[in-house]
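*Asks:* Using the supplied hints, reconstruct the complex from the two chains, each of which is provided in its own coordinate frame.
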Amino acid sequence: MLALDVRHIHKKFPAFELKDVSFQLEKGYIMGFIGVNGAGKTTTIKSILNMTRIDSGEVYILGKNMAEHELELKQEIGFAFGSIDFYTRSKIKTLTDTIKRFYENWDDQIYSSYMKRFNLDENRKIAELSTGMKVKYSLTLALSHGAKLLILDEPTSGLDPASRDDLLDLFQELIADGEVSILFSTHITSDLEKCADYITFISNGQIVLSGEKDEFKESYLLVNGSEGQLAQVEDRMISYKTNSFGFTGLIHADDFDPTSGIRAATPSLEDIMIYYARKGGQNHD
Amino acid sequence: MINLIRKDIRLGVHPLLLSMPVLMGVLMFVPGWIYYIVILYFCWITIPNMFNQLRAQNDLMFTSMMPVTKRDIVKARIIVIAGLELAHVVVALIFGLVSQRFYSDITYFFFPPNLGFFGLCLVMLAIFNLIFIPMYYKTAYKFGMALLISTVAATLFAGITQWIGIANSGMNRMFYGTEANHLAVQAYILIAGIVIFIALTAVAYRMAVKRFLQVEIQ
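Chains as they are written, first to last, in my numbering: chain L, 1 to 285; chain V, 1001 to 1218.
One chain only, chain V, in its complex shape (with noise of 0.2 Å):
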């Protein structure tokens, strides 16, 4: 398993993509900026990249001809991009309460990168994790469908959470506010976004697997 994952990240990964996370978090500097497109970069440039690239290079081929299973290799690869997002997700996170802290003065219209809005974001991963997944994995090589349908989804949802977070009070004070009862609530929909992140993307891992049993290798 472990040869599996360090395989995906010497030759699949572009070094570049490696990096993504805290060339990407630095955006979070952009005061009162969307902060969903920090994260949801990772839909829109590493995921395409990496997936091109490793049909390219015939991965699947490749990989079949090792001494693993095809079980092992879904897990790899779902570790591999899960750990991708979760590090895009943490050094965002950093970042973020450090830009509040900055700029403490600023009135946010968008999102404020707290610990709530962290929670939506792995929902998010989550639900591009869910569509995604499973839906390469029926051929393993042919991923520009999967990947329209699950970033049509992901960036809906950002859209949707954040209208919904300026237009309703209730939910805008809940993700908005600075109050102790208010961050309390913002760590719990954290916990609450982590634990649909591993759900979601544990769901996607049987599917994809199930689907995978089934595919020829060419």
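Here chain L stands alone, though its shape is the one from the complex (with noise of 0.2 Å):
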């Protein structure tokens, strides 16, 4: 079953367009969205949840129209966007009262228990909590109303090595019954090296691939030569940098010809969005 199914969203916007924006996550899984600032994630997971008027397509999250079935599918969904405080000056406990009394499955219990393991304090202000911490009862607001479907913008940005290891640790933790699903959407690709099952990667708008982790990094490949052997791929590549000892560029792997002596190498997914961002910029030098 699919947890999240979007298919081809348009949205334009005066300066920014989203394209044909499709992708499918299955239940228990986590995918990982990635991209560039700017690319679209935010735009892409507003859509989703129909903060954004769309032009044209479709999203259905656990078999539901969204569009039909928003109020019953929120019960469902829990969000936590990285970088956006709400009433900061309020404590835990004021927050969580007003929240809950929204959800139908709210169970208490669960919310101790999470609020426990996080070492939350309901005392404490929204504006006292660290990055980490902020993630952490998003999470558990998410979890707490029994969410089957995790969408998180951002959740590791401005988190410590060791509190993103944590939480990436979390995440594992909570799809392991199968039950759970996560989107979350990052530009630190490391993150998602980690504990993620699929990746869909969105440049400029447009959805580049959207696969199994291991299958998309190595649909492409690493390549790097002399300056001489560059006007063998050059047509081929996505993008490449040139320096003194010669290029470095990535190239989809079906384009490249193991028999022309260039070096080629599976790339992280850090190259990929990289030489993607260089293709949009078309600054080769």
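Treat the hints with caution; some may be incorrect.
[Stated by the list, open to error] List of simulated lysine-lysine pairs, BS3-like, C-alpha gap at most 27 Å:
#1 Lys64/L to Lys1070/V
#2 Lys1075/V to Lys100/L
#3 Lys148/L to Lys1070/V
#4 Lys1138/V to Lys1210/V
#5 Lys12/L to Lys1142/V
#6 Lys148/L to Lys1210/V
#7 Lys1075/V to Lys1142/V
#8 Lys19/L to Lys213/L
#9 Lys1070/V to Lys1138/V
#10 Lys1075/V to Lys1138/V
#11 Lys1210/V to Lys12/L
#12 Lys1075/V to Lys19/L
#13 Lys1142/V to Lys279/L
#14 Lys1138/V to Lys64/L
These are calculated hints, taken from the structure and not from any lab test. The structure presented is a predicted model; accordingly, all values stated were derived computationally and were not measured.
*Replies:* Pasting the structure below:
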């Protein structure tokens, strides 16, 4: 069963456009949603959550159409927006007490257990929490109302390495029983190397590729060779950099001829993101 | 719906603003004052503070994440606004009637705090709502221009009706009179004020929902 099925979303803004955004997330898995700043990650997430009015396209969550079943589905979705704070001067206790009334399946026991586990004190104000604590509080809220799909916008940005690692372990733990699915956007690709099962890569408002993580990486090659070899592959490369030793660039694995003598290796997610960003910029140097 | 109203009252509206009807209502005991000001403080103080807080705390984003419809988001907010307005009017009315007994020998130059005057206050607030609410819901976060225009309109209404009440002898008798027939007319004016308040606020709600459905949440 699909936890999330995004079909052909189009949305035109004056200066930006989401073009035919489609991807699917299987239930019980973690999908990393990557792209550089401004690639369209948050806009896509807002479109999924019906916060942005899309021009065309459909979103299905847990098999139901989001546009038609928004209220029902929002009961099943948990959100965390890493960069946005709400009611920072209010105490956690007050905020929780207000939020929990919106949810039919709120479970106080689950809430207390996660508050305890994350060392969150109900009497503290949101403003007093560290970035990591805020994400953990958002997760506590989501899990306490029994969310089946967690949509997290840059939850790890701004966290120190230890907190990030801790959070990623938690993500793994949450999906262990196969009920919860997680979509999280990030531009910190090392997070995904650690815990994502699937990767969806967006660049300039378009999905470049969405698939299983290793397959995703293996569908590209990072090639490097001398300046003389550049001419052999230049027209097929996604983008490349040159320096005094030669060139390094990204190419689709299918477009690469292994007999050419050019060195090739599987790129990291970061390499893929960087070379696609250069392609957008058209700034070969 | 009730959860949204509770959310606004617990998180969005500062407790001081909730006590404003009483704090401002006490001003009804200033003898012979321009009592319109007591109600206008709602537009001048409560609304800007409340909407500033809502904007600063990202209320729009917060509320949109809850399992609620956009229609209910608007409805709950209007209930909170209208509720506060009515609280201002009711408290001022009670204190006003007491004040009138208290200063029985005073000659009112501005409107005395009788039922007719509060009918006018309700019309003034209705005009405020009709302008402020639909203008605000064009973006659901920018409130400056909406507040400026709606407050100027409400203040102008107060100024013009007060001027007519002083300058026109017929109107003066209607609003200042203390005879039984005057009191009956004043009661009718209050009822008319209530009807106009409900009608214009309902129109504001419909316009606001229509606009808010087009808003991109940010």
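*Asks:* Find the hints from earlier in the document that the structure breaks and name them by number, from lowest to highest.
*Replies:* As far as the earlier hints go, 6, 12, 13, 14 are violated by this structure, in ascending order.
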